[in-house]
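Chains A and B supply the protein sequences, listed in that same order. Quick note on the numbering used here: the first sequence kicks off at 1 and runs consecutively. Quick note on the numbering used here: the second sequence kicks off at 1 and runs consecutively.
Computed cross-link-like contacts, SDA-like style, restricted to lysine to any residue with a CA-CA straight-line distance of at most 20 Å:
(1) B:Lys315 to A:Val377
(2) B:Lys316 to A:Arg266
(3) B:Lys5 to A:Asn262
(4) B:Lys5 to A:Leu8
(5) B:Lys312 to A:Leu379
It should be emphasised that the hints constitute simulated quantities derived from the structure, not laboratory data. Everything numeric in this text was worked out from a predicted model, so none of it was measured.
2 protein chains.
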Amino acid sequence: MIQDKQYLMIPGPTPVPPAVMAAMSRPIIGHRTDEFADMHKRIVERLRIVFQTKNDIFVLTHSGTGGMETAVANAVEPGDKVLSLVTGNFGERFAKIARAYGADVEELQFGWGNCVDLKAVKEKLSANSYKLVLATQNETSTGVINDIAGIGSLVAKTPALFLVDGVSGVGGIEIKMDEWNVDILVTASQKAMMLPPGLAMVAVSPKAWRTVESNASPRFYFSLPAAKKSYEKWNTAYTPGVSLFAGLDAALDMMMTEGMENVYVRHRLLARATRAAAKALGLKLFARDEYASPVITSIESPEGIDGDSIRKVLKKEFGVTFAGGQGILKGKIFRIAHMGFADKMDVIIAVSALEMALARIGHPVELGSGVRAAQQVLLEGDD
Amino acid sequence: MIQDKQYLMIPGPTPVPPAVMAAMSRPIIGHRTDEFADMHKRIVERLRIVFQTKNDIFVLTHSGTGGMETAVANAVEPGDKVLSLVTGNFGERFAKIARAYGADVEELQFGWGNCVDLKAVKEKLSANSYKLVLATQNETSTGVINDIAGIGSLVAKTPALFLVDGVSGVGGIEIKMDEWNVDILVTASQKAMMLPPGLAMVAVSPKAWRTVESNASPRFYFSLPAAKKSYEKWNTAYTPGVSLFAGLDAALDMMMTEGMENVYVRHRLLARATRAAAKALGLKLFARDEYASPVITSIESPEGIDGDSIRKVLKKEFGVTFAGGQGILKGKIFRIAHMGFADKMDVIIAVSALEMALARIGHPVELGSGVRAAQQVLLEGDD
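Based on the sequences and whatever the hints tell you, model everything.
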């Protein structure tokens, strides 16, 4: 295996395009400058297109989990009743953060591999009064997307705020923050946004802002009112990751050039091709077609084979890295990200390497049959 | 097609590894410094391992053609009898350069797609007296390698100097300059050496050096005696491409880490996989197995299909660039480079994209069948 030749296919950090790397390699600029303010304004204006919102969007220097904590720290006070819609590891994390801030969290578990069932949400909302409802747009631990529009329309009929973890989805899967009644939307740099880790983006609706302003929980670095004060002058409250901002500026250039609709079509196409390949190889998909993620495909390891042993061969012989299963799914599934800077050939690489790894560990596989199924989908093209 | 996602598979310039890019991004250093001299010495010591020689190796700031001209300008005087062994476009270029310096060049043509026939060379050498014999190690225009060891042993029995164009071969295909009796060996940065274009490397045997010193042809930038004078203090006669030197230093680090024997095995494996795939797809290989290049595979376009139309689909739909045919082969063949920074997955990308492009333009193809043939070779591994 040649040094340096690697194919990273995990759900973040994801590969970074050369144009973004080049932008981040430019000389560091001071953050209290017109140059930074211009860039900051340009970034927010285009993030609004990605988020489909008129709201303020705060670009904060921490990872996605910091973004989720920012949402919670500014909306939760001890004793608040919170409904957390859980479909996997990241749903559980959102609930855990809310609990860390003293919320009285009710976890509505849909089971790992399932999506949020709107009927169950409706029942909960009509029988209880919540201050917040938490949901995950794209549950990377299982490869499932949730119906944010559907949940949003239910929550909007109540006084509750709707907080959405869009960390692994936004930029690769359509979201319409305003139309879908999302009150706080969180995403991060290192997934579909095609950047290294280090930035979170948090958008806040006017309805949420009233709660944020009156919130009495302890917060300093995570304070949205502090962020807002600086944001109004296109500044930041604390030192921003200026090179990551430059990278985000370049990544948004790329996304606007491609067009967001094309970005979404591309991700759906890659997911369909990957899923068709897995089926052709006789492998079981962990998530059902109806709610399968466009940015990550989770596949069950064949009976009697530890998913991590497949991953070891993939990495060692072919330089290809898939993600493993998390928590209760460890060893039972593996996950292929096609998220952000990914195209048709990445699916071919993933599938072809998977075929060879399965053959190498003695699992019966018809070489090329998964690739063929993927090729057929890729040739049919857009959905 | 996502912006920036490109798969360059032409025989130079070839993709540059990130470690080499990073080295070239370091601050520019002055060339009259100890730092440069240390780097220069380190580079030459390791190039000697690649060239398998004890000779001086001059790293010159121009492209491969400049390297070929350097060899000629220092060895040819008007009226010199030169035998040029021609197997394609680059063999013709070597002859053309010799003619530009007034040589009386006899072109021994073996036909595009064939290799040099040693019997014909032997006959020529016994019937004539030449000052120089010119040969191409790897003829990229046709995807053929020539038997440099065999030619060298014939030339060594005569007073002639043996000049070898190793531009597209050295670093990817074994060469033993000293053992194989090569007198001047030329290569360049942008092929198997994994660098951007801009450097040529020219090694000179003691036998050649006597001719070089007494040569009366006009030469200044290409003067090897001028280069030698500076080289003795690990300096250069004129301003060297310092960032390309830094890149070469890093590329040699990579090659030494992988081990040259492994580098050669890797290239042979990629060639065998590519050829097996072409055969499985019912395509005709342009060069025969016995003398097929390990770094580039030339494939005939199917009857009635212009190779350039396949290449257009490949580029537009899949971001994959193959080389076309040159000169008399324009439109008749296409060429897939697996040269330098290339690994198993690059073959899969090339073959899979080729299958899809053929399907797209209506040529009957069993999707995945070429990939399967390549996978089988890749799984069998080293030869």
